[in-house]
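J.: Just so you know, we're using the numbering used here here: the sequence shown kicks off at 1 and counts up by one.
Check before you lean on any hint, since a few could be wrong.
The list that follows gives simulated cross-link-like pairs (lysine-lysine, DSS-like), each with its CA atoms no further than 30 Å apart [stated by the list, open to error]:
(1) Lys344 - Lys325
(2) Lys446 - Lys435
(3) Lys162 - Lys20
(4) Lys325 - Lys336
(5) Lys157 - Lys15
Here are the computed distance ranges between Cβ atoms for each label pair [said to hold, decoys possible]:
(6) Glu168 - Glu113: 28 to 36 Å
(7) Lys445 - Asp401: 53 to 61 Å
(8) Ala67 - Lys5: 46 to 54 Å
(9) Asp97 - Asp139: 39 to 47 Å
(10) Pro312 - Leu422: 30 to 38 Å
(11) Gly212 - Glu168: 14 to 22 Å
Don't read these hints as lab results, they were simulated from the structure.
No residue lacks a Cβ here, since even glycine has one placed at the ideal position from N, Cα and C.
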Amino acid sequence: MSSRKIAVVVLAAGKGTRMKSDLHKVLHPIAGRPMLLHLLAAADTLSPERTVVVTGAGREQVEAAVAPLGARLAVQAEQLGTGHAVMQAEDALTGFDGDVLILYGDVPLVRAETMRAMIERLNADDAPSVVVLGFRPADPGAYGRLIVAGGGDRLEKIVEFKDASAEERAVTLCNTGLMAARSADLFALLKNLGNDNAAGEYYLTDIVELSGSAAVIEADAGEVAGVNSRGELAAVEAAWQQVRRAQAMADGVTLIAPETVWFAHDTVLGRDVVIEPNVVFGPGVTVADGATIRAFSHIEGAVIGATADVGPYARLRPGAVLAEKAKVGNFVEIKKSSVGVGAKVNHLTYIGDAEVGAGANIGAGTITCNYDGFFKYRTVIGAGAFIGSNSALVAPVTVGDGAIVAAGSVVVRDVTADSLALARGRQEERGGWAKRFRAAMTAKKKGQ
Numbered sequence: 001m002s003s004r005k006i007a008v009v010v011l012a013a014g015k016g017t018r019m020k021s022d023l024h025k026v027l028h029p030i031a032g033r034p035m036l037l038h039l040l041a042a043a044d045t046l047s048p049e050r051t052v053v054v055t056g057a058g059r060e061q062v063e064a065a066v067a068p069l070g071a072r073l074a075v076q077a078e079q080l081g082t083g084h085a086v087m088q089a090e091d092a093l094t095g096f097d098g099d100v101l102i103l104y105g106d107v108p109l110v111r112a113e114t115m116r117a118m119i120e121r122l123n124a125d126d127a128p129s130v131v132v133l134g135f136r137p138a139d140p141g142a143y144g145r146l147i148v149a150g151g152g153d154r155l156e157k158i159v160e161f162k163d164a165s166a167e168e169r170a171v172t173l174c175n176t177g178l179m180a181a182r183s184a185d186l187f188a189l190l191k192n193l194g195n196d197n198a199a200g201e202y203y204l205t206d207i208v209e210l211s212g213s214a215a216v217i218e219a220d221a222g223e224v225a226g227v228n229s230r231g232e233l234a235a236v237e238a239a240w241q242q243v244r245r246a247q248a249m250a251d252g253v254t255l256i257a258p259e260t261v262w263f264a265h266d267t268v269l270g271r272d273v274v275i276e277p278n279v280v281f282g283p284g285v286t287v288a289d290g291a292t293i294r295a296f297s298h299i300e301g302a303v304i305g306a307t308a309d310v311g312p313y314a315r316l317r318p319g320a321v322l323a324e325k326a327k328v329g330n331f332v333e334i335k336k337s338s339v340g341v342g343a344k345v346n347h348l349t350y351i352g353d354a355e356v357g358a359g360a361n362i363g364a365g366t367i368t369c370n371y372d373g374f375f376k377y378r379t380v381i382g383a384g385a386f387i388g389s390n391s392a393l394v395a396p397v398t399v400g401d402g403a404i405v406a407a408g409s410v411v412v413r414d415v416t417a418d419s420l421a422l423a424r425g426r427q428e429e430r431g432g433w434a435k436r437f438r439a440a441m442t443a444k445k446k447g448q
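Kindly generate the complete structure, drawing on both the sequences and the hints.
T.: The structure is reproduced here in structure tokens:
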């Protein structure tokens with residue numbers, strides 16, 4: 001990798017009208033992360049000295065999203081073309097002397113390796129002024145064509161499809177729009193751009209011919225897929241998921257039906273994890289070695305310990321932490337709670353704002369009543385405790401180690417260790433009552 005300094009300019013000023021959304025186009029998520037942040041995360045691995053995001057329509061949303069990352073901002077108030085958009089970054093790059101990588105916020109899956117390759121080609125011995133990233137789509141369609149000299153990688157010109165001859169349209173190497181250039185060359189070339197075209201816009205691609213020295217490198221078509229519509233967003237999501245599933249299996253994870261499992265951008269999976277069909281991972285999930293995630297479970301913001309067993313039909317919400325060998329079964333919801341080593345929460349239960357001790361057993365239908373309509377309160381269930389079915393634990397409350405709560409109890413006071421808590425109405429029996437009731441109702445019905 002070149003030792004020269006790097007700056008990244010990301011164009012994110014487009015209106016994105018085809019998305020038909022109040023959310024800015026580049027903030028639509030892929031794998032739970034805005035597509036712009038996917039791109040910035042990849043670019044950040046190059047350790048750029050400066051990162052500039054060029055905003056325009058809906059810039060308040062974009063600025064709020066990138067502010068925590070320390071990116072500099074530039075505004076393209078009028079949409080006058082891609083060349084004009086890059087011009088707006090000049091002030092933010094004042095005093096910068098190095099290589100500039102130009103990316104697009106709606107082309108989110110460009111790999112860091114490809115970005116590095118562009119910079120390396122820019123700094124090769126023949127020192128081209130501009131490097132353009134090309135690709136070969138299955139259907140070149142109306143993409144601009146990259147015309148190279150003599151079958152090498154020296155780029156003669158970029159020809160828009162509408163202006164291309166039949167011979168040029170037969171070229172399969174197409175333009176992505178992504179470029180790299182030295183800062184001194186880039187802004188000197190931009191100053192010479194004209195807008196004598198039907199759209200009256202300043203095209204970034206025109207700097208190729210102005211430079212007199214350009215080269216091209218190629219990327220896989222899937223890597224440079226752009227997002228301009230909901231359909232394209234879904235296609236890019238599907239492509240990302242396909243790659244992530246393959247990586248998971250290569251890393252030692254068993255996916256019973258890979259095409260039905262959906263990962264987030266930051267899902268972490270240990271070895272020998274087994275994931276059954278129709279599982280969805282939201283952001284912030286870590287699964288340790290040997291855990292099993294059963295079918296139709298939804299997991300977000302949770303930590304799952306080694307050899308733990310989750311589901312089927314379980315929901316783990318943010319703050320759920322399962323220790324080693326913990327069991328969370330079907331139709332169980334866990335929120336902001338820890339479940340200790342070997343503890344079992346097997347079915348039809350809600351555990352919120354709670355601590356479940358090691359080896360505890362939570363019966364079916366148990367609820368931690370953690371919210372009074374104004375504030376949340378905590379429930380503590382001790383190690384080895386047994387909570388009978390259909391119990392309600394009204395927080396704040398503590399059930400001591402080894403204690404038993406009888407089925408159907410409503411617990412409103414702390415339960416001491418190793419004791420039995422029985423909190424339900426006394427059962428009464430009235431002999432023959434049911435028989436007399438049926439006879440009376442039958443007679444009444446006949447008299448109607």
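J.: The structure should be examined with respect to each hint, and the outcome stated for every one.
T.: Hints and how they fare:
1. Lys344 - Lys325: holds, 9 Å
2. Lys446 - Lys435: Measuring from Cα to Cα gives roughly 17 Å; hence the hint holds.
3. Lys162 - Lys20: Judged against 30 Å, a Cα distance of about 27 Å means the pair holds.
4. Lys325 - Lys336: Given pair Lys325, Lys336 holds - Cα atoms ~19 Å apart, limit 30 Å.
5. Lys157 - Lys15: holds, 28 Å
6. Glu168 - Glu113: 28 to 36 Å: holds, 30 Å
7. Lys445 - Asp401: 53 to 61 Å: Between Lys445 and Asp401, where Cβ atoms are some 55 Å apart, the hint holds.
8. Ala67 - Lys5: 46 to 54 Å: violated, 23 Å
9. Asp97 - Asp139: 39 to 47 Å: holds, 41 Å
10. Pro312 - Leu422: 30 to 38 Å: For Leu422 against Pro312, whose Cβ atoms are near 33 Å apart, the range 30 to 38 Å holds.
11. Gly212 - Glu168: 14 to 22 Å: holds, 20 Å
The structure fails to meet hint 8 from the earlier list, while all remaining hints are met.
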